[in-house]
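K.L.:
One letter stands for each residue in the lines below.
Number of protein chains: 2
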Amino acid sequence: MDALRARIRAEGRNLGNGILKVDSIINHQLDPTLMLQIGESLAVYFRHLAVDRILTAEISGIVPAMMTGLALDVPVVYARKTKPITMAGPVFLETAPSHTKGIDVNLLVSAEFLPPDQNVLIIDDFLASGRTLQALARMVRSAESRVIGVGVVIEKSFEGGRELMRQAGYDIPIHALATISSMAAGQIIFADED
Amino acid sequence: MDALRARIRAEGRNLGNGILKVDSIINHQLDPTLMLQIGESLAVYFRHLAVDRILTAEISGIVPAMMTGLALDVPVVYARKTKPITMAGPVFLETAPSHTKGIDVNLLVSAEFLPPDQNVLIIDDFLASGRTLQALARMVRSAESRVIGVGVVIEKSFEGGRELMRQAGYDIPIHALATISSMAAGQIIFADED
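If you read the sequences in order, they're chains A and B.
Counting in the numbering used here, the first sequence runs from 1 upward without gaps.
Counting in the numbering used here, the second sequence runs from 1001 upward without gaps.
Excised from the complex, chain A in its bound form (with noise of 0.2 Å):
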């Protein structure tokens, strides 16, 4: 998606340690038009699949999900992190390590917004390693649905993620929207795209 590539290479600053930062277009800032297309740009990829019903996780996942279930007229339901007063009856609950926090955090979804025998596609900011998404994806094999794809905006692919989840038994279409193949010497390189 060549307007996100250049947002990115325009803002996008190279932290260290494979971070980057990236928020004046996603992750504290956000760009209401640049949402909108990627939102678009993901229900496009993923139209054909039947999608009943999208998944991520709080909190920078909330917009680019909610602008892809926008584009597929479906509902988005987020994963909480912390269990708000408002969360009664049973949950779904999986455990994934953060990348930017370094400690475990929690992922619940009530299981009344997680109903079984759904096409269920999974949208986040980011694929890095993977592991967020593999725990959503446990979360949908428990409600007894289906995982049918998983749409992120940024992949990282030098973290592996992508293989991580095909080891996993994941074998469903990945689709992102801008591929950073290295962040070696403070460098930001795409994947060569489209």
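FYI, nobody ran anything at the bench for these hints, they're computed from the structure.
As the structure is a prediction and not an experimental result, all values here were calculated from the model.
Here a beta-carbon is modelled for each residue, glycine too, at the ideal position from N, C-alpha and C.
The following label-pair restraints were derived from C-beta to C-beta distances:
#1 B:S1098 <-> A:R47: 33 to 43 Å
#2 B:A1050 <-> A:F158: 43 to 53 Å
#3 A:L36 <-> B:M1087: 18 to 28 Å
#4 A:Y45 <-> B:E1163: 41 to 51 Å
#5 A:T82 <-> B:E1011: 20 to 30 Å
#6 B:E1144 <-> A:P115: 46 to 56 Å
#7 B:E1011 <-> A:P116: 18 to 28 Å
#8 A:T95 <-> B:D1117: 38 to 48 Å
#9 A:I189 <-> B:L1036: 35 to 45 Å
#10 B:E1144 <-> A:G102: 30 to 40 Å
#11 A:D2 <-> B:E1011: 36 to 46 Å
No more than 30 Å apart at the CA atoms, straight line, and that leaves these computed lysine-lysine pairs for BS3-like:
#12 B:K1101 <-> B:K1021
#13 B:K1081 <-> A:K81
#14 A:K83 <-> B:K1021
#15 B:K1081 <-> A:K21
#16 A:K101 <-> B:K1083
#17 B:K1083 <-> A:K81
#18 A:K81 <-> B:K1021
#19 B:K1101 <-> A:K83
#20 A:K21 <-> B:K1083
#21 A:K81 <-> B:K1101
Let chain A serve as the given structure and place chain B on it in line with the hints.
P.N.:
Frame of chain A; chain B shown alone:
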């Protein structure tokens, strides 16, 4: 906003102590089409005020703010409650008591995303005590910008937040898409509207 009130009537639950469970429509599961309508309704109300930028707070303010930003074609920034590893440089920091968590929470915005001399519209999911909204408004003043309005999805008018904002000197338009005037005795009573 009739569609919103209908959904709250059908799905909202009064959990006692003024806690309204609307997580099937606003803060866990999201209906993208309803959210688009919410953004458009808030945009219609504030469009004449020459909004430069929208400020909200994570987590459940993000989607209504995003959808309003989409309709107004302005950037959105959301206050973080914890400092992400990607947050560098000076920040504006305010503290507000959380209604649902029973503790004070920090609200942090990178100074780079809250520039001076802007017309800032504050959007959130709820107006209850108004403490979070006041903290966001203080942040805008610290940034030497102007709060030109406050838009919320649901106002719980019985908590008096609107009056507290007036008393704190915020003589600005405040607009709610659904106003709940009482949650006494397990009920959910809407104010007469429109």
